[in-house]
Each structure stands twice: as structure tokens, then as C-alpha cells.
Amino acid sequence: MLDLLKIEYKKLIPYSTFWVIFGLFFLFTPIVFYGFGQVKIDAFPIDFATMYKFPNVWNNITYIASWFNLLIGMLLVILICNEFSFKTYRQQVIDGHSKADFIISKILLMSSFSLLSTLYLFIIGFFFGSFSGGEAPFLTDIKYLLIYFIQSLGYMSLGLIMAVLIRSSALSIILFICSIFVESIIRLLVPDNLAQFFPMKIISNLTPFPSPGGVQVANMNGVITEAISLNTTLIIAIIYIFSFWGISYVILTKKDIN
Amino acid sequence: MEAILNINGLSKRYGKVKALNNLSLQINRGDIYGILGPNGSGKTTTLGILLGVLNADSGSYSWNGKAPSKYDRKNIGSLIETPNFYPYLTARQNLSIVCKVKEVDESEVDSVLSIVDLINRADSKFKTFSLGMKQRLAIASALLGNPETLVLDEPTNGLDPQGIAEIRTIILDLAKEGKTIIMASHILDEVEKTCTHVAVLKLGNLLTYGPIQSVLNNQEQIVVASENLDGLKLTLSQIDGVSNIQQVGNKLSLMLATGKDSSYLNKSLFDKGIILSEISIQKPDLEANFLELIK
Numbered sequence: 000m001l002d003l004l005k006i007e008y009k010k011l012i013p014y015s016t017f018w019v020i021f022g023l024f025f026l027f028t029p030i031v032f033y034g035f036g037q038v039k040i041d042a043f044p045i046d047f048a049t050m051y052k053f054p055n056v057w058n059n060i061t062y063i064a065s066w067f068n069l070l071i072g073m074l075l076v077i078l079i080c081n082e083f084s085f086k087t088y089r090q091q092v093i094d095g096h097s098k099a100d101f102i103i104s105k106i107l108l109m110s111s112f113s114l115l116s117t118l119y120l121f122i123i124g125f126f127f128g129s130f131s132g133g134e135a136p137f138l139t140d141i142k143y144l145l146i147y148f149i150q151s152l153g154y155m156s157l158g159l160i161m162a163v164l165i166r167s168s169a170l171s172i173i174l175f176i177c178s179i180f181v182e183s184i185i186r187l188l189v190p191d192n193l194a195q196f197f198p199m200k201i202i203s204n205l206t207p208f209p210s211p212g213g214v215q216v217a218n219m220n221g222v223i224t225e226a227i228s229l230n231t232t233l234i235i236a237i238i239y240i241f242s243f244w245g246i247s248y249v250i251l252t253k254k255d256i257n
Numbered sequence: 000m001e002a003i004l005n006i007n008g009l010s011k012r013y014g015k016v017k018a019l020n021n022l023s024l025q026i027n028r029g030d031i032y033g034i035l036g037p038n039g040s041g042k043t044t045t046l047g048i049l050l051g052v053l054n055a056d057s058g059s060y061s062w063n064g065k066a067p068s069k070y071d072r073k074n075i076g077s078l079i080e081t082p083n084f085y086p087y088l089t090a091r092q093n094l095s096i097v098c099k100v101k102e103v104d105e106s107e108v109d110s111v112l113s114i115v116d117l118i119n120r121a122d123s124k125f126k127t128f129s130l131g132m133k134q135r136l137a138i139a140s141a142l143l144g145n146p147e148t149l150v151l152d153e154p155t156n157g158l159d160p161q162g163i164a165e166i167r168t169i170i171l172d173l174a175k176e177g178k179t180i181i182m183a184s185h186i187l188d189e190v191e192k193t194c195t196h197v198a199v200l201k202l203g204n205l206l207t208y209g210p211i212q213s214v215l216n217n218q219e220q221i222v223v224a225s226e227n228l229d230g231l232k233l234t235l236s237q238i239d240g241v242s243n244i245q246q247v248g249n250k251l252s253l254m255l256a257t258g259k260d261s262s263y264l265n266k267s268l269f270d271k272g273i274i275l276s277e278i279s280i281q282k283p284d285l286e287a288n289f290l291e292l293i294k
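Residue numbers (numbering that gives the first Met the number 0), protein chains in the order written: chain A, 0 to 257; chain B, 0 to 294.
Hints listed in this document are in silico derivations from the structure and should not be mistaken for laboratory results.
Cβ coordinates follow ideal geometry from the N, Cα and C atoms, glycine included.
Don't take each hint at face value.
Once the Cα atoms are required to be at most 27 Å apart in a straight line, the calculated DSS-like pairs of lysine-lysine come out as [claimed, not checked]:
no.: 1; chain 1: A; residue 1: Lys254; chain 2: B; residue 2: Lys69
no.: 2; chain 1: A; residue 1: Lys86; chain 2: B; residue 2: Lys259
no.: 3; chain 1: B; residue 1: Lys15; chain 2: B; residue 2: Lys201
no.: 4; chain 1: A; residue 1: Lys86; chain 2: B; residue 2: Lys192
Derived DEER-like restraints, expressed as beta-carbon distance ranges [to be verified]:
no.: 5; chain 1: B; residue 1: Asp104; chain 2: A; residue 2: Thr231; range: 29 to 35 Å
no.: 6; chain 1: B; residue 1: Ser23; chain 2: A; residue 2: Asn257; range: 23 to 29 Å
no.: 7; chain 1: A; residue 1: Asn257; chain 2: B; residue 2: Lys65; range: 22 to 28 Å
no.: 8; chain 1: B; residue 1: Thr81; chain 2: A; residue 2: Gly245; range: 30 to 36 Å
no.: 9; chain 1: B; residue 1: Ser68; chain 2: A; residue 2: Ile184; range: 45 to 51 Å
no.: 10; chain 1: A; residue 1: Ser178; chain 2: B; residue 2: Thr168; range: 50 to 56 Å
no.: 11; chain 1: A; residue 1: Asp2; chain 2: B; residue 2: Gly177; range: 27 to 33 Å
no.: 12; chain 1: B; residue 1: Gly8; chain 2: A; residue 2: Gly245; range: 54 to 60 Å
no.: 13; chain 1: B; residue 1: Thr81; chain 2: A; residue 2: Ile237; range: 36 to 42 Å
no.: 14; chain 1: B; residue 1: Ser261; chain 2: A; residue 2: Asn257; range: 21 to 27 Å
Work the whole structure out from these sequences, hints included.
See below:
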């Protein structure tokens, strides 16, 4: 298992796109987070006074960072589609990997991306929290980091399916982004109690809209609906993630490698 | 002889096209086995199935008598169609990934790069390589782990004459080491110069197979001419070891049994009172044989 991850990083470290995309994520997250506290948009239900303080900082930083999940998701899509366009997936199967090895490699890779960005958010959050103080010890509500980890896995798992299904970078990225918007349109057409279980809805709800009143879940229009609890959302999200992995594996085994 | 590869009734369809139809073949240790056929005859499909990248519709195969698994493939050196590497990685970085996949010690990278004469370019990116260099890197990659069996698909495809000669020398050197080589090609000349055995495919069907001499009938022909052609024809048929007498224009072509040569023929005819005006040895026209075969 660890060997598979080592191979992934041998491919990754000399690859400039990896550094650019993670660089953007590392740069933008704290800037945007800091900026929000300065601009203070009224419509946003964020308590700007306690925005950087423990424990709110964890909910807020993961909420802001979740906007950049698509960026890391796109990186994963590019990396997987590269394996198809360079025919290196085919070569590695010929050289002695199984199709399962390929999927496991990519799952390990995305998990390491999630871990990397979660650790970074921990550092940023800790930095902001320490300078701003707060009433709570810094470990309070740190569960938001775990939830963010799962959320970022969720987006990348969707990217995995798109990549193994479509195999071309440009098209996969377009469909990856479209599927999120298309789902939100479909959700408008079905009853709310059904719509809230849609995969992208569940995954995006993992980093809920922060609000002064505590954790509430708002839909796209900002209307607060009868919310599923965060724990239930987490469990459903994990089920979705495992299904995405399984579906990707089935797609790979059915298809010839050309 | 010990079978390295057993193929039993492999079939594969792409939609309506039958790419491979009930192929059975046995390849033994030490064979240099050529799979010969025109484009679209099922050669690459066959190798793709044997290397785990294509799913067969029916039939089975086994390497070393065991059910196929990824572990067989780690011990097979393969070069299929185009070389597949990461363009942004150097030759050495690319091979180091192959080492990890094949579970081979990375210290072998430099020695295989030396074999294919790429050691000076080890730290250049793959995308800067010429086609010949890419192909040589693919051969280097196939040599990692010193595999007993090599599977090569059109190994000289797209190379210039010098590149072709280089690749051929490498293949023949490997053959001398006693490795089993399975090689698909549509170039008859290539198969003839390197292989011990050949299987001929056409539209997914196995037409014939066996040792290369028996399949392609590459025996030398002797062409003779004389003033008295009818007398020559009659006398030839009485000489021991002469077969396949055919008239070509105002000359006769014939084949001699092994062990008999042209001076034996000349002497026998002279003894019977026939003076030849011409005697020459002709290399067999394999191309014609092959085209006849796949007609």
C-alpha cells in the first residue's frame, strides 16, 4: 500500500501543475479568509466579531476553504486523465499492476491531498485563533477539520468517477463542475426532503454556512430547511464516497485498456 | 519442451468485428515466436489479452501453467506499440517508477540504460527524446528485472533503418541468452531474420503455425538453363534429391534435398550428358509465400 503511494509521489513531485494548484490553495485560503473579516459583507450570516476566534475559527476557515475544493478536485482529475492520455495506466498494468492497484493508488493519493489541506487549515486556523484569542480552548469544535477532510475526499471521489468514465482532462473537468450545478438544478425539481439526500448536497453541507446562532443548514436560496444533523450528513457522505470508489473500480474492470 | 505460454480458444469481438477467433497456441521456453499478419489481423489484440489490458470474450491462457495474475506480468518484459512514459519525467525517473511497479531493485536502471545506449541522456526529459530514443527507452524498461520472457509488439515500428538494425541486434543478443521472445510484426523480413517459430494470423484466425522453415518454406531454389530444355527437364527428374521442378520462362527452377548442393547437381547432369548454360541459387521469395498464405 505504502509503495503505491510512493509511486504516486514519484510521478507528482516533478509535476509543476501539482505545485501551482497547491500553491494557489495555500496562498488564497488565508488571504480570502482574512479578507472576509475585513470586508464584512452584511448578507453573510457570519459573526464577524468572533470570526477569527476559537472555536468559530474552525467552522469559518473550513467553510472558506471548501470553496477551493474544486481546485484540488480538478488537480486530481488532471492527474488521473494524464495516466490515460500518456497511456501510463496501460503500461503499469502491463508491467504488473492490477486495475485495483490503480484505483487504490488514486484513493491513497486523494486521501493524502485531503490530509495535506486539512493539516494546512489546522495551521492557519491555529494561527488566526491564537492571535485573536477566544473563550474556548482551541480543540473545541476541531471536528470541523475532520468533516472538512471527508468533504474534500467527497469532491475528489466525484472527480475520480468523472476521470475514469471520460478519460479526457478537459471534458472530465467540465463535467465535474457541471455535475455539481446540474444536481442543484435537479434538486429544485424534487421535493426538499428528497433533495437534501443528493450526493453533492450532502457533501457540500459538510462545511455548513456558519451563522451566529450555531450550526444551521441553509439551501442554495438561503432558506433554512429542516436540516439533517451534521453527524447523519457525515455518515451519508462516507457512504457516498465508498460508493464512488466502488463504481469507479467497476467502470475500470469492465473497460478494455486502449 | 517446457511450455511458457498456453493459449486455449481465445476470442474477442469489438462490436460486430471479430478481432480474434478461437486462437490456440503453445509457446515453449527459448522460442523466438513471431506472430505475423497484416494490420488488423489480431496480433495486438492477442498480446493485449495476454498482458491483462484487454478482456477476452472467451477462452483462457496461462503463463508457466498458472492462472493469469499481475505477478506473471512483473516477470515479463513488454514493449507494446508505442513507448508509454511520463513526458515531463526524465528517463531515469521514468524507469525508477517501472522498477517500483515491477518490484525490481532500482540499481538496475543504469545498467539497462547502458545496454540501449541512453546512459548519457538518463537525466533528459522523455519529451525531448527522438522516436528512436523513446523506443530504446521502452526496450530498456522491458529489460528491467532481467525477465525470462519478452513480449514485443512491432518493436521497430516507425524507426529509421539504423534504429531498426540497432533494435534487431538487441533482440538477437537477448535471444542468444536463451530468453523466450514473443514478437508481433507485420514485417515479414523482421520475423524471418529473428524468429525460430511463427504463427500467421489473418482477420483473427490462425492460418498456420510452426517452425519458421516449415511455415514459410524458405528453402533455396536452384535455377538452371540449357540449350536442350526438354532433355534437361527429363534428366532432372531422374536425379536423386531433386524436387519441385518448374519451368520459369526458358529456365527451370527446382529444389534440392538437404545435404545436396549446386555442385552435386551440376556434376550429376554433366555425367548424364547435359551441359548447363546457367546455374544459379535463388533466395526464396518469402514475400510471395507469405502473400500466398494470407490471400
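Results of checking the hints against the structure:
1. A:Lys254 / B:Lys69: holds, 17 Å
2. A:Lys86 / B:Lys259: It is violated: about 54 Å lies between the C-alpha atoms, which goes past 27 Å.
3. B:Lys15 / B:Lys201: holds, 17 Å
4. A:Lys86 / B:Lys192: violated, 30 Å
5. B:Asp104 / A:Thr231: 29 to 35 Å: Hint violated: Cβ distance 50 Å, outside 29 to 35 Å.
6. B:Ser23 / A:Asn257: 23 to 29 Å: holds, 25 Å
7. A:Asn257 / B:Lys65: 22 to 28 Å: With a Cβ separation near 27 Å, Asn257 of chain A and Lys65 of chain B satisfy 22 to 28 Å, so the hint holds.
8. B:Thr81 / A:Gly245: 30 to 36 Å: For Thr81 of chain B and Gly245 of chain A the Cβ distance comes to about 32 Å; the hint holds.
9. B:Ser68 / A:Ile184: 45 to 51 Å: Between Ser68 of chain B and Ile184 of chain A, where Cβ atoms are some 46 Å apart, the hint holds.
10. A:Ser178 / B:Thr168: 50 to 56 Å: The hinted range 50 to 56 Å holds for Ser178 of chain A and Thr168 of chain B, with Cβ atoms some 53 Å apart.
11. A:Asp2 / B:Gly177: 27 to 33 Å: holds, 31 Å
12. B:Gly8 / A:Gly245: 54 to 60 Å: violated, 32 Å
13. B:Thr81 / A:Ile237: 36 to 42 Å: Holds, at about 41 Å.
14. B:Ser261 / A:Asn257: 21 to 27 Å: violated, 52 Å
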